[in-house]
Amino acid sequence: MVPLSRGRGVREVYAKVTMFPLRPGVDEIFAERFRRYYGDLFRLGARYSEDIDEADDVVQEAFWRLYHDPVVARPDREVYAWLSRVVVNLTLNATRGRRREKTRLEKIASLAKSLSSTAENELNPAEQLVRREQRIAVREVLLAMSERARTCLILRHSGLSYAEISSALLVAPGSVGTLLARAEREFAQRWALRSSHVNGGQVLGGDNDEL
Amino acid sequence: MNCESDGTLRAYLDAECEPAVAARIDAHLAECPDCEHRIAELQLLAKTVDSLLSAFPHVEIVPDRRQGAWDAVESRLLERAFASPKSSERYRVEEVVSGANSSIWRNRGQREIPTMIRNTVMRHSRSAVAALLAVVLVAGVLAMPAGQAAAVSLLSIFRVQNFAVVTYDPGKPFEDMDNLERVGTLEISDRDGSNATTVESVAQASERVGFTVRTPSTLPAEVSGEPRISVVRESRATFTVDRAKAEAYLREQGEANPSIPAELDGTRLVVTVPARAVLMYGDTNGQPVLVIGQIPSPTVATEGGASLEELRTFLLGLPGLPEDTVAQLKAIDDWTTTMPIPLPRDRAIWRDVSVNGGPGLIVADQTKAAGSLIWQSEGMVYGIAGQLGEDELLDIARGIR
Chain E
245 MVPLSRGRGV REVYAKVTMF PLRPGVDEIF AERFRRYYGD LFRLGARYSE DIDEADDVVQ
305 EAFWRLYHDP VVARPDREVY AWLSRVVVNL TLNATRGRRR EKTRLEKIAS LAKSLSSTAE
365 NELNPAEQLV RREQRIAVRE VLLAMSERAR TCLILRHSGL SYAEISSALL VAPGSVGTLL
425 ARAEREFAQR WALRSSHVNG GQVLGGDNDE L
Chain H
-10 MNCESDGTLR AYLDAECEPA VAARIDAHLA ECPDCEHRIA ELQLLAKTVD SLLSAFPHVE
50 IVPDRRQGAW DAVESRLLER AFASPKSSER YRVEEVVSGA NSSIWRNRGQ REIPTMIRNT
110 VMRHSRSAVA ALLAVVLVAG VLAMPAGQAA AVSLLSIFRV QNFAVVTYDP GKPFEDMDNL
170 ERVGTLEISD RDGSNATTVE SVAQASERVG FTVRTPSTLP AEVSGEPRIS VVRESRATFT
230 VDRAKAEAYL REQGEANPSI PAELDGTRLV VTVPARAVLM YGDTNGQPVL VIGQIPSPTV
290 ATEGGASLEE LRTFLLGLPG LPEDTVAQLK AIDDWTTTMP IPLPRDRAIW RDVSVNGGPG
350 LIVADQTKAA GSLIWQSEGM VYGIAGQLGE DELLDIARGI R
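So the sequence lines, in the order shown, correspond to chains E and H. Per the working numbering, the first sequence starts with residue 245, numbered consecutively. Per the working numbering, the second sequence starts with residue -10, numbered consecutively.
Hints are supplied without guarantee of correctness; some may be wrong.
[Said to hold, decoys possible] Now the in silico label distances, taken between C-beta atoms and shown as ranges:
id, chain 1, residue 1, chain 2, residue 2, range
1, E, 380, H, 316, 53 to 63 Å
2, E, 407, H, 52, 28 to 38 Å
3, E, 371, H, 32, 21 to 31 Å
4, H, 316, E, 391, 53 to 63 Å
5, E, 309, H, 19, 43 to 53 Å
6, H, 29, E, 415, 20 to 30 Å
7, E, 415, H, 390, 53 to 63 Å
8, E, 391, H, 191, 42 to 52 Å
9, H, 39, E, 415, 14 to 24 Å
10, H, 40, E, 417, 24 to 34 Å
11, E, 380, H, 53, 26 to 36 Å
12, H, 368, E, 417, 52 to 62 Å
13, E, 380, H, 7, 38 to 48 Å
Source of the hints: derived by calculation from the structure; they are not laboratory data. Backbone N, C-alpha and C fix where the C-beta goes; we use that ideal spot for every residue, glycine too.
Bound-form chain E, shown alone (with noise of 0.2 Å):
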């Protein structure tokens, strides 16, 4: 037996009780999908977002477009390359749309409620927020480029093959290669410059060890 987690009407638990497939074929393959990808997905968004309810949030967003879109009757291979996609755009545009930057006490509050590395829960609290810090200007960058570009760049650092890229890009598998090398060629310019805008000139130093 399940609790409900949510609070939910009477009508709805009278649906679903008595629910009978309200799309014969998809419904099944749709749950199917939902329990194998899930977890994957939500690791993806979560990784790349700030806000693990966030990250449930666009999840579930992208398996309510999945459920109405062509493409859920499709291979599995495409299904889940289609949601990577998703949910990697909808993680970046989300945090591009929170309206007010929070207060530095509120963005170490909120720390308690992102998920980091074990590596990362080493460092002490200011460490943290400097690294977080970091993210937001590393996903400034890749919102500056184009959304192919970006989301090609993350899907490969999320691990996902060339062969599942270009199904979520809907490119030949042989481009990848080139639309990789070009948005990572991208990618370092803007950080180049950005770094040196920040850094009064310097190209190098400051927290940008990394390069």
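With chain E's structure known, arrange chain H on it following the hints.
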């Protein structure tokens, strides 16, 4: 000497090349300092970007939110199926027909039906059909007449023999008391997945649901022969009264000193909806035109320290229930054998009918473009719905074997 493109070299770095191509690149790199240089640059870029993106740490452990997420997505889908015309979220016909199985959900562009009616038909077909396989839930208990003697042990108190329409305001159904969890806990047996599976044959369906699935012996001309057959797993809903929660809710609603009898705490209501079979027929163009569902009578059982009378008084007395709907429920005399069918007020029309000597109910939407018929026979509840008129529905019903 033909140098390789950036794209090819990049793929090579990721070991994403065909072996033949990789071998060719190996050989080429041995002889071409330019390409060697380029690949080193590509590798540096790749590493740089990778380390920057690693600002987003790989997340190993995430909380298991899957069930909650599934509930939310499913609720949203169901919500749409019951949406009122004023709701901003409606299934557009085009969305529904873009589905996978194109033989059934094909584009309806050829039909000369105005969009308004098309939308209404799609929506009401669905809600009419959903009403077919209705279950009592809390509503059945609400319909109890006063003075009923209580039995304390587990017993099934409900078997469908009749139907009674109970209307609700589609704009705000159960709005204030929308969440049963305000006064208790609700559990539904479920997996975080679909309850329904498609099966290959009627025989297979019968085996899965545990009763003989019947089929129509006559069908209207426009309905094509073979139905899509689904079985839906048994489901059960258990509502347990939580006195503390209920008192908090009442206080919130303005009652200064709410007092709920102690024996109500923990009293359970269990509604079991048996496994059922659904047949879906399309017309010669493949569009869905007829649905036939059959289910053994749902059962309601209670257990706990409170009497049925007390449970009823408690539930009926809660603030926030729609008065008119509650009054209708109270007015059902033979509540132990009557299944309430909730219908949106002013949007559906209905009348009692007789099917093979037993009681039935015909429900249609205002345009009469679609209709449904629900009836009971020997402990089984049947329902059919489709873009059919009353006579056609009755003909089909009488021919079901």
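A quick look at each hint next to the structure:
Checked against the hint of 53 to 63 Å, the C-beta distance between residue 380/E and residue 316/H comes to roughly 58 Å, which is consistent with it. About 31 Å separates the C-beta atoms of residue 407/E and residue 52/H, a value consistent with the hinted range of 28 to 38 Å. A C-beta distance of roughly 30 Å is found between residue 371/E and residue 32/H, which places it inside the suggested range of 21 to 31 Å. In this structure, residue 316/H and residue 391/E meet the distance hint of 53 to 63 Å, their C-beta atoms being roughly 56 Å apart.
The supplied range of 43 to 53 Å is met by residue 309/E and residue 19/H, whose beta-carbon atoms lie about 49 Å from each other. For residue 29/H paired with residue 415/E, a C-beta distance near 26 Å keeps the hint of 20 to 30 Å intact. Separated by about 55 Å at the C-beta atoms, residue 415/E and residue 390/H satisfy the suggested range of 53 to 63 Å. Between residue 391/E and residue 191/H the beta carbons are some 49 Å apart, a value that agrees with the proposed interval 42 to 52 Å.
A beta carbon spacing of about 21 Å between residue 39/H and residue 415/E agrees with the range 14 to 24 Å that was offered as a hint. Distance hint check for residue 40/H and residue 417/E: the Cβ-Cβ separation is about 27 Å, which falls inside the suggested range of 24 to 34 Å. Distance hint for residue 380/E and residue 53/H: a CB-CB separation of about 28 Å, consistent with the stated range 26 to 36 Å. Distance hint check for residue 368/H and residue 417/E: the Cβ-Cβ separation is about 58 Å, which falls inside the suggested range of 52 to 62 Å.
At about 40 Å, the CB distance of residue 380/E to residue 7/H agrees with the hint of 38 to 48 Å.
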